[in-house]
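Chemist: Those protein sequences? They're chains W and H, same order as listed.
Quick note, the first sequence lines up with residues 0 to 183 if you use numbering that gives the first Met the number 0.
Quick note, the second sequence lines up with residues 0 to 183 if you use numbering that gives the first Met the number 0.
These are calculated hints, taken from the structure and not from any lab test.
All values reported here derive from a predicted model rather than from experimental measurement.
Possibly wrong hints are sitting among the right ones.
[What the hints assert, rightly or not] Under the rule of at most 27 Å between Cα atoms (straight-line distance), these lysine-lysine pairs were calculated in the DSSO-like manner:
(1) W:Lys178 <-> H:Lys40
(2) W:Lys178 <-> W:Lys40
(3) H:Lys178 <-> W:Lys40
(4) H:Lys178 <-> W:Lys178
(5) W:Lys85 <-> W:Lys130
(6) W:Lys88 <-> W:Lys130
(7) H:Lys88 <-> H:Lys130
(8) H:Lys2 <-> H:Lys85
(9) H:Lys2 <-> H:Lys178
2 protein chains.
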Amino acid sequence: MGKVILDMAMSLDGFISGLNNADAGLYDWYFAPAPPSARVKEELIKTLGAIIMGRRTYGTGDEANGFEDDPYTAARFILTHHPPEKVGKGAESFTFVTDGIESALRQAKAAVGERDVAIGGGANTAQQYLKAGLVDEIQIHLVPRLVGDGIRLFDHPGSEPITLETTRVIESVGVTHLKYRIVK
Amino acid sequence: MGKVILDMAMSLDGFISGLNNADAGLYDWYFAPAPPSARVKEELIKTLGAIIMGRRTYGTGDEANGFEDDPYTAARFILTHHPPEKVGKGAESFTFVTDGIESALRQAKAAVGERDVAIGGGANTAQQYLKAGLVDEIQIHLVPRLVGDGIRLFDHPGSEPITLETTRVIESVGVTHLKYRIVK
């Protein structure tokens with residue numbers, strides 16, 4: 000049975016993007032990976048059967064782009080209240096889910112077989128799945144940068160504490176890949 | 000010449016203490032260290048000649064306690080506008096500095112010789128030293144826990160981005176010790 004993994008890149012000061020969605024260089028390790036990161040990336044591509052993401056992570060326009068050269072064969076499930084009328088290149092097979100996070104996860108699990116399902120952001124989507132207790136593991140690609148301002152991954156005052164167990168630490172160039180199991 | 004190191008424990012979601020200063024278990028690795036953490040702790044005790052901290056990190060009462068069994072021989076410099084009238088056990092030799100962060104650092108450097116100076120918190124003190132460009136390295140003892148709410152280490156919207164280089168990653172039990180050099 001596959002796992003549900005929250006998988007995101009984050010700066011040391013907790014941001015997943017800069018102010019006004021500015022590129023904070025948090026995916027440099029992904030696009031030009033040093034050998035340890037290349038192995039992490041390859042593992043992601045192999046093991047992920049589906050990726051669930053919020054509407055803004057998918058893209059801000061109707062025809063969100065950037066998926067043309069996408070190496071993932073994973074099915075994509077996009078959480079939204081308003082599915083776009085047309086989609087960009089590479090996104091033709093994406094599923095837009097309008098009836099909530101449980102439904103998206105159910106559909107994703109049905110699609111993946113033994114492979115894993117990733118929660119790929121943004122912060123609100125991540126928090127919803129964490130709060131609902133639906134996440135098994137967290138993988139944070141921790142980037143050595145203080146971004147200073149922007150969108151935080153963990154910014155939900157009043158959330159219940161969650162205990163984690165570190166299961167893997169991979170040191171690479173420009174990133175440390177940290178994997179945690181959620182202790183339930 | 001010694002270095003200036005921001006050295007603090009932080010949860011994966013960026014907190015250095017829980018809500019209302021609740022103990023968030025972020026120093027368990029310190030008080031009951033697994034072997035890799037024991038070595039990190041020993042290194043700290045050996046290499047730190049002085050520790051600068053803010054008034055609230057020193058303690059909230061006049062007679063802040065908790066320093067009786069303190070293994071550090073490091074000189075302590077406490078930033079404050081209002082030095083306490085009397086101090087707790089173990090704190091008799093502490094210096095209360097009322098004329099700002101540069102003064103505290105100057106006094107600390109004069110005291111340490113070749114040893115390092117740690118900035119030991121809290122968040123405001125850390126941010127002031129970072130902003131002034133006075134920090135050489137950052138060591139974060141990253142604790143696998145989502146605390147949910149409390150005091151964040153990096154919570155200063157509008158700060159300029161700071162680029163770091165990861166210089167050391169030590170995996171331990173209940174903590175990952177991450178060391179960074181500030182790229183100037």
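Chemist: Among all the numbered hints in the text so far, which are the ones the structure does not match?
Modeler: Hints 5, 6, 7 and 8 not satisfied by this model.
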